[in-house]
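Peer 1: Each protein sequence line maps, in turn, to chains A and B. The C-terminal position of the first sequence is numbered 240 in this note's numbering, with every residue numbered one higher than the one before it. The C-terminal position of the second sequence is numbered 541 in this note's numbering, with every residue numbered one higher than the one before it.
The set of hints was computed from the structure by calculation and includes no laboratory data. Hints are supplied without guarantee of correctness; some may be wrong.
Residues of chain A placed beyond 12 Å of chain B at every Cβ, according to the derived structure [to be verified]:
1. Ala16
2. Leu61
3. Asp99
4. Ser150
5. Thr160
6. Gly164
Simulated crosslink set (PhoX-like; lysine-lysine; CA at most 20 Å straight-line) [what the hints assert, rightly or not]:
7. Lys211/B <-> Lys260/B
8. Lys95/B <-> Lys83/B
9. Lys95/B <-> Lys235/A
10. Lys320/B <-> Lys235/A
11. Lys395/B <-> Lys457/B
12. Lys219/B <-> Lys67/B
13. Lys89/B <-> Lys235/A
14. Lys219/B <-> Lys320/B
15. Lys155/A <-> Lys166/A
16. Lys395/B <-> Lys260/B
17. Lys67/B <-> Lys63/A
18. Lys211/B <-> Lys60/B
Every residue gets a Cβ at the ideal spot worked out from N, C-alpha and C, and that includes glycine.
One letter stands for each residue in the lines below.
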Amino acid sequence: MLFAALFYVAGITLAGGLVYRISDYLRTPAPLKIPTTPAPTTSGGVVLRMTREVLLFESLFKGSLWTWAFAVLFHGGLALVLMRHLRYFTQPVWSWVDLAQPFGIYAGFVMAIGLVGLWGRRFLVDRIRYISTPSDHLMLALLLMIALSGLSMKFLDHTDIIGVKAFFLGLEHFDPQPLPASPLLYLHLSLVATLMIIFPFSKLLHAPGVFFSPSRNQPDNPREHRHLSSWAAKLESES
Amino acid sequence: MATEITAPPYRVIPIIPAIKPGAMEGLKPFVANDKIQEALGFPGGLVEDWKDRAIAKMGDLLKKYRSLKVYLDACVHCGACSDKCHYFIGTQDPKNMPVARQDLMRSVYRRYFTLPGKLFPKLVGARELTKEVLDEWYSYYHQCSECRRCSVFCPYGIDTAEITMAAREILDSVGYGQKYSNEIIGKVNTIGNNLGLPGPALEDTLAGLEEDVKEDTGIDVRFPLDVKGAEVLLITPSADFFAEPHIDSLIGYAKVFHAAGISWTLSSMSSEAGNFGLFIGNYEQMRKIALRIRQAALELGVKRIVVGECGHAWRVAYSFWNTLTGIGDGAEDRFALQLQKQLDQRYRQPAHICELTWDLIEKQAITLDPEANDNLIVTFHDSCNVARGSRMGEMAGGQFEIPRSIIRAAANHFVDMSDATTREKTFCCGGGGGLLTDDLMDLRVKGALPRMEALKEVADRDGVNFMATICAICKTQFSKVLPYYGFNMRMVGGVHQLVSNAIRLGDKE
Ligand code: HEM
Ligand code: SF4
Ligand code: SF4
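Next up, chain A with everything else stripped away, as it sits in the complex (with noise of 0.2 Å):
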């Protein structure tokens, strides 16, 4: 019971804590054109050059190829275990979820690998080591804890999937069920919950953060549209 408490909390605090800094980031103006350019000159191509940098983190690519090639494995396998994980949430399972499925068991490997190779650089490149506060630490052993504790119940001490299944769709119809008795699964859960409460407050913003950054999302055409915000057209009516 208390842990289907402490994941309504933090479901609540997720969805709730990204709802307001989004519609925060919408209602803050950007007044002035500062696309970091050569940028596309129309929106379709702000959706295309956005779309490469979320998918393929084109800019870090140009910045940093080690760092790029740890982010990649940490996020791709990342973003497959998420949807693997979807399996204990839908009932009945959705069919490109199976399709995962395979890729999914190994994906858990590959993000950790992604995740210690990041660490590495925390401690081994200077300039890095010069920058790394201990929040930055902490996030990256609490995803390493996750990553581990889930895999060792994939492949050291197996948990009651069915059970676990059965717990979380029970939160979804507000008919809380029991949770299976084993301490990874406790483990796992609660890092789980600390990394969803954390999430809206931390530096893990990036994830929307980036779909707002003026520099990314602007088209370069500021002769052909004129772009006013609505504190600087108050000016206009003052003078």
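Given the coordinates of chain A, work out where chain B with the ligands should sit on it, guided by the hints.
Peer 2: Chain B with the ligands alone, transformed into the frame defined by chain A:
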């Protein structure tokens, strides 16, 4: 000491330098006095309640600028930007890594504006805004030339320039402004240009230029001032009127207009393309300076507005003029509407002088004899504000192709510098963003290192002996720092200086 700096060794494989904490600590450009500050409506000196006011200003900016808010939230400390700044490469001071420069403000943002920073400051690297922190801001936010190179490589496009501008805006608002930039803005507001060159002096200079060109070529090339009804209003950086090598480009523009038979004029009221309002991140000042140009265009009744060789001026003109003054399409106030009716909409408004010259070359309305520059092996330095904050022509990337096309038409020998240092990845000259002042000479020389290395490579390999550029700040900066690296200061010049050498003047009927 600046005078001890010599050309660094030529790195075959550019190794990222190790960090040297504190290398540039305490560097501090002259602080603006009360007269300079008050002329812009800022407090004369550091106010007593600076801390509360600074935090309040920060809150205000966070509501006004999405860039600031998203950039302060989104950074994951991945370090992709950490070796991309010329000031870091040149000084090795870790606080000149773009992410560390941002963190100087981010740490304060976290402390006052985020929950974890309020609850667990140590954990997330949050800190109080103390006088030491404020001094550190003043120092390191004046070691950033707002060149946007870091934003190219950041996975979220985080542009440290936006943070630097916000920091300078906050510093100004508590009475802690920089002398160089703020003094110059005062001069534009009162006299009309950054140099404080009054109308009559400008008239004299232009008359002198007409004589010089006549002596040189035997042809009457005009340098008109305040001519009502001219077709083109040329807005150019005031350094073009008297500084070397800038003046040779001004002669180049005049020859282009002459050869193409386009009537043009300068304005004494608005004789400055530069807009230092950008550098201090102040929207109102930037707008005020831009409005002078609109006023001049209206008074002179011109059909086209053309901008001379100046990097940040072109960014402001291309990216911001329409927003600030309604020079392009879409504005609705009375003056903007009048201007839109007056301007010839068949042309790009505003246009860069390179766009104008290249159009004329393509249409064969002017003829260039590239042999005239056969003594030169030319390379091109992309200026940061043009490269990463603007465009020329119709295609993305036109800002790289058009100047190079003009150079190829004006000279037979052209070589590009290393790919890692040109186009969108170009390195700042080291003097941009309001840092082109003698009190920052040491920083300027060090910051030029990556560009000088790339130049050394083509000078040794291909015999390059001329670096063309289209920015007044780049020209001044390189003239100053080239000798520190063992080059001749005359090695730098404008693209229109090459055009000036090569253009045929006589054959216009
Ligand atoms: C739109 C979705 C996302 C995009 C485009 C994205 C992109 C990136 C990029 C480019 C980096 C920098 C490279 C690196 O250090 O790995 C990064 C870092 C990171 N991302 Fe994401 N990400 C996304 C979603 C997520 C999610 C959902 C999480 C976690 C739950 C996450 C966790 C992290 C962490 C912890 C880091 C920092 C790694 C380090 O400390 O070095 N990201 N992300
Ligand atoms: S904008 Fe340019 S000068 Fe400023 S931190 Fe980024 S790379 Fe360095
Ligand atoms: S590249 Fe961007 S996200 Fe990475 S450290 Fe630099 S500013 Fe932060």
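Peer 1: For each hint, tell me whether it holds in the structure or not.
Peer 2: We went through each hint and held it up to the structure:
1. Ala16: At about 17 Å from chain B, alanine 16/A clears the 12 Å cut-off, so the statement holds.
2. Leu61: violated, 4 Å
3. Asp99: Label holds. Min Cβ-Cβ 32 Å, cutoff 12 Å.
4. Ser150: Per Cβ check, serine 150/A is outside 12 Å of chain B; nearest 23 Å; holds.
5. Thr160: holds, 31 Å
6. Gly164: The claim holds: glycine 164/A sits with its nearest Cβ about 35 Å from chain B, beyond 12 Å.
7. Lys211/B <-> Lys260/B: Violated - the C-alpha atoms of lysine 260/B and lysine 211/B are around 36 Å apart, more than 20 Å.
8. Lys95/B <-> Lys83/B: With Cα atoms ~19 Å apart, lysine 95/B and lysine 83/B stay inside 20 Å; holds.
9. Lys95/B <-> Lys235/A: Holds - the C-alpha atoms of lysine 235/A and lysine 95/B are around 15 Å apart, at most 20 Å.
10. Lys320/B <-> Lys235/A: Answer holds: lysine 320/B to lysine 235/A is near 15 Å, not above 20 Å.
11. Lys395/B <-> Lys457/B: With Cα atoms ~31 Å apart, lysine 395/B and lysine 457/B exceed 20 Å; violated.
12. Lys219/B <-> Lys67/B: Answer holds: lysine 219/B to lysine 67/B is near 12 Å, not above 20 Å.
13. Lys89/B <-> Lys235/A: holds, 19 Å
14. Lys219/B <-> Lys320/B: holds, 13 Å
15. Lys155/A <-> Lys166/A: holds, 15 Å
16. Lys395/B <-> Lys260/B: violated, 27 Å
17. Lys67/B <-> Lys63/A: violated, 46 Å
18. Lys211/B <-> Lys60/B: holds, 11 Å
In summary, the numbered hints that this structure violates are 2, 7, 11, 16, 17.
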